[in-house]
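K.L.:
Top to bottom, those sequences are chains A and B.
In this text, residue positions in the first sequence follow the numbering used here: the first is 1, and each later residue adds one.
In this text, residue positions in the second sequence follow the numbering used here: the first is 1001, and each later residue adds one.
By construction, these hints were calculated from the structure, which means they are not laboratory data.
Don't take each hint at face value.
Once the Cα atoms are required to be at most 30 angstroms apart in a straight line, the calculated DSS-like pairs of lysine-lysine come out as [what the hints assert, rightly or not]: (1) B/Lys1330 <-> B/Lys1165; (2) A/Lys137 <-> B/Lys1165; (3) A/Lys159 <-> B/Lys1272; (4) B/Lys1223 <-> B/Lys1272; (5) A/Lys117 <-> A/Lys137; (6) B/Lys1544 <-> A/Lys117; (7) B/Lys1544 <-> B/Lys1477; (8) A/Lys117 <-> B/Lys1272; (9) A/Lys117 <-> A/Lys5; (10) B/Lys1272 <-> A/Lys155; (11) B/Lys1097 <-> A/Lys137; (12) A/Lys117 <-> B/Lys1165; (13) A/Lys155 <-> B/Lys1165; (14) A/Lys155 <-> A/Lys26; (15) B/Lys1246 <-> A/Lys155.
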Amino acid sequence: MPLIKDGQFVEDSWTVLQQDDEVPPKGDVIVPLERYLSDTDELNRRVGRVGVALENTADPDDIAPYLNDIDLVALTFPAFTDGRAYSQARQLRHHLGFGGELRATGNVLADQAGFLKQVGFDAFEVTPNQSIDIWVKASEAVTLAYQRGYDGNRKTRDKLRPSPLPQHPSDCAAVAEQSAPA
Amino acid sequence: MYRYDEFDTTFVRQRVDQFRDQVDRRVSGELTEEQFRPLRLMNGLYLQLHAYMLRVAVPYGTLNSRQMRKLAFIADEYDKGYGHFTTRQNIQYNWPKLPDVPNILDHLADVEMHAIQTSGNCIRNVTADQWAGAAGDEVEDPRPYAELMRQWSSLHPEFSFLPRKFKIAVTGAASDRAAIAYHDIGLRLTRSANGEIGFEVLAGGGMGRTPMLGVTVRDWLPKDELLAYLEAIMRVYNLHGRRDNKYKARIKILVHELGAEEFTRQVEEEYKRIDAPRVMPPAQELVRIKDYFAPPVYEDLPDQSPELARCMSDDADFAQWVDRNVVAHKQPGYAIVNISLKPVGGVPGDASSGQMRAVADLAEQKSHDEIRVTHEQNLVLPHVRKSDLYGVWQTLKTHGLADANIGLATDIISCPGLDYCALATARSIPISQDISRRLGDISRQRDIGDLKIKISGCINACGHHHAGHIGILGLEKRGEEYYQITLGGSGDETASIGEIIGPGFSSETVTDAVETIVDTYVGLRQDGETFLDAYRRLGPNPFKEAVYATH
Ligand code: HEM
Ligand code: SF4
Chain A
1 MPLIKDGQFV EDSWTVLQQD DEVPPKGDVI VPLERYLSDT DELNRRVGRV
51 GVALENTADP DDIAPYLNDI DLVALTFPAF TDGRAYSQAR QLRHHLGFGG
101 ELRATGNVLA DQAGFLKQVG FDAFEVTPNQ SIDIWVKASE AVTLAYQRGY
151 DGNRKTRDKL RPSPLPQHPS DCAAVAEQSA PA
Chain B
1001 MYRYDEFDTT FVRQRVDQFR DQVDRRVSGE LTEEQFRPLR LMNGLYLQLH
1051 AYMLRVAVPY GTLNSRQMRK LAFIADEYDK GYGHFTTRQN IQYNWPKLPD
1101 VPNILDHLAD VEMHAIQTSG NCIRNVTADQ WAGAAGDEVE DPRPYAELMR
1151 QWSSLHPEFS FLPRKFKIAV TGAASDRAAI AYHDIGLRLT RSANGEIGFE
1201 VLAGGGMGRT PMLGVTVRDW LPKDELLAYL EAIMRVYNLH GRRDNKYKAR
1251 IKILVHELGA EEFTRQVEEE YKRIDAPRVM PPAQELVRIK DYFAPPVYED
1301 LPDQSPELAR CMSDDADFAQ WVDRNVVAHK QPGYAIVNIS LKPVGGVPGD
1351 ASSGQMRAVA DLAEQKSHDE IRVTHEQNLV LPHVRKSDLY GVWQTLKTHG
1401 LADANIGLAT DIISCPGLDY CALATARSIP ISQDISRRLG DISRQRDIGD
1451 LKIKISGCIN ACGHHHAGHI GILGLEKRGE EYYQITLGGS GDETASIGEI
1501 IGPGFSSETV TDAVETIVDT YVGLRQDGET FLDAYRRLGP NPFKEAVYAT
1551 H
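Please take these sequences and the hints and turn them into a complete structure.
P.N.:
And the structure:
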């Protein structure tokens, strides 16, 4: 499958292995979670990086202890309307602080590109006939986001127009109370 | 009222351009209808029986006169001269043409409106108490929080492909006029034991084929934690809500299958891990939004208006209208005016462009430029001086908007049913018209008193029949429409789900059955007892006996 990173097609250095496939002696491999959990040491020790593919029903906490050894996590969209991997991505990036490559696989459409980046995906496996122009255009159609604390380059209101007031969220209600109109 | 700043304006315009591009790709054939479907649904565009239907968001049911005039313009220009106000405080147009839709959205953007997320499996338009900011029984005005949630839910990166649609309602009052227990998430502003205001959070309510009332997952949540807490609920639902069966995909099923306790535990667990300060808006953002909802500058008036008293004693029709359609305002000398869109024998919720303009003019001149849409498919002028009521009523009368039936038997909620809807199993509008004509005599209606009749044209329950004191569900068997009746439902703070009384009725006999039920109540009620109170005291048996004895 063609791979998009940073708005362009790139060579994919990773080999995707199924549960019982033989592991090549070197090179980057992506293995299913089960395989990784059963052969963790072997996979971590070999030459070449290791990535883990999670089903969209898997709990990202299952790989939490190994995230320092894992260079890539592949999440999947069996149908583009099945949005579970958005939340898995968010948990990996924000609860678990995963800093490696986060790859979107399966039914990945241009019209979703913006959202995918916001939840932390940075690599996208797309269908063979995807045009890069449409991909880039779709992912940049909306440049603003109301939601704070997400990733990607959509700007939030406070980033667009930095505000002079101090930002102490815990004081929110108090400030609101004080300046509420009489 | 909230006004867009540069950020909101740019955001909505970008969304319109994006959709224009998607429509172009559909019209040129680059997108198939199948690929286009989820894209158009993200923008409120349905394919119905005869044509497309465009649903426009009226955030928490609040409009100004400029916006209402624009809705009238769109009705004239792109529809057949009318619009349909819905039970989710939105407006629908039944006849737009696909290539026109981006232009309609541009017109809407001119007046700070949009159709974002009025359909699709995402967080829908947030609804609120239609009397917010005006009612006397309010702890705090819920609209700033509704606006905060409107913004937060718009094109949410994580929660735009949920298992199913998601509806949030918020109220700041003790009397629940927003039916929060029937929503996926219901929020009530309430005071804690030490007097601090926060939210009671309910989750797991819904209608459809398995009606359920929401359960309380938090008794009291600090106000400034709202968005972070919602994120936790949404994430648990997005990850664990069922996707194998669309009839089991709503959050109510997840809450039910896990049990309230386990669901709450999972939400709280997730919540602990959320970096709330990163997610919550900075303090000044809520201040900015709240400023827009500052109360209008009221005049200092005595609460009693001699003019009003005089007009009421001179004009019995007016007095009746005041009695049913006008309610107390928190500001002395002012009142809340409810405008009925339920003329006897009419289509519930329909308004012509002329009527919309008349309401817009009245709002501008007499109601601090504010209009509300109610979930009972009526309109509200929230801030009218009592001394202006007679003039307002006369104007409404000339436009056919002065029906004095708010909360009465003919104030019926009805979904579009088989006249428009592709999913319908039976007609609902003609049934509502028939019942309305049958019970239409105003003195009879007034004698019957508070009564909510709600009709859906299929099991999806868009007409809220589960929450009707009398609920009617249109079904189909071997090509014949038939109607199931439920009794005792309620969407208020004493929410309950209506119970089926027995075998269904044909389209010819359902109105007779409703009338028999009503007459049975009138015969059995005790002093001052409403239909719902009487039903709760008596149970279904006397009604069943009466209905099935005569049919
Ligand atoms: C004509 C096109 C319409 C279609 C195709 C449609 C479709 C649906 C479907 C499939 C459901 C059930 C969802 C579920 O339980 O998972 C539903 C529920 C609902 N719809 Fe509609 N609907 C239409 C029109 C309307 C209108 C006109 C209104 C407002 C008057 C409305 C308001 C609602 C409400 C309030 C619910 C119940 C919410 C709940 O289940 O909790 N719908 N609709
Ligand atoms: S209840 Fe059924 S018939 Fe009525 S609008 Fe909803 S889907 Fe259509």
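K.L.:
Each of the hints needs a verdict: does it hold here or not?
P.N.:
To see whether the hints hold, each was checked on the structure:
A C-alpha spacing of about 35 angstroms is found between B/Lys1330 and B/Lys1165, which places the hinted pair above 30 angstroms, so the restraint is violated. Between A/Lys137 and B/Lys1165, the direct Cα distance comes to roughly 28 angstroms. Compliance with the 30 angstroms bound is thereby established for this hinted pair. Distance check on the hinted pair: A/Lys159 and B/Lys1272 sit about 26 angstroms apart at the alpha-carbon level, within 30 angstroms; holds. Distance hint between B/Lys1223 and B/Lys1272 is fulfilled; the C-alpha atoms sit about 16 angstroms from each other, no more than 30 angstroms.
Between A/Lys117 and A/Lys137, the direct Cα distance comes to roughly 14 angstroms. Compliance with the 30 angstroms bound is thereby established for this hinted pair. Proximity of B/Lys1544 to A/Lys117 is assessed by CA-CA distance (about 58 angstroms); at most 30 angstroms being required, the pair is judged violated. With a C-alpha separation of about 22 angstroms, the suggested pairing of B/Lys1544 with B/Lys1477 holds against the 30 angstroms cut-off. Restraint check for A/Lys117 and B/Lys1272: the C-alpha separation of about 24 angstroms stays at or below 30 angstroms, so the hint holds.
Straight-line distance between C-alpha atoms of A/Lys117 and A/Lys5 comes to about 11 angstroms, which keeps the hinted pair within the 30 angstroms bound. Using a Cα cut-off of 30 angstroms, the hinted pair B/Lys1272 and A/Lys155 holds, with the two alpha carbons roughly 26 angstroms apart. As the CA atoms of B/Lys1097 and A/Lys137 are separated by approximately 26 angstroms, the hinted pair is consistent with the 30 angstroms bound. Between A/Lys117 and B/Lys1165 the CA atoms are separated by roughly 23 angstroms; this keeps the pair inside 30 angstroms, and the hint holds.
A hinted pair counts as satisfied when its Cα atoms are at most 30 angstroms apart, and A/Lys155 with B/Lys1165 qualifies at roughly 26 angstroms. Between A/Lys155 and A/Lys26 the alpha-carbon distance is near 41 angstroms, which puts this suggested pair outside the 30 angstroms criterion. Between B/Lys1246 and A/Lys155 the CA atoms are separated by roughly 35 angstroms; this puts the pair beyond 30 angstroms, and the hint is violated.
Taken one by one, the earlier hints fail for this structure at numbers 1, 6, 14 and 15, listed in ascending order.
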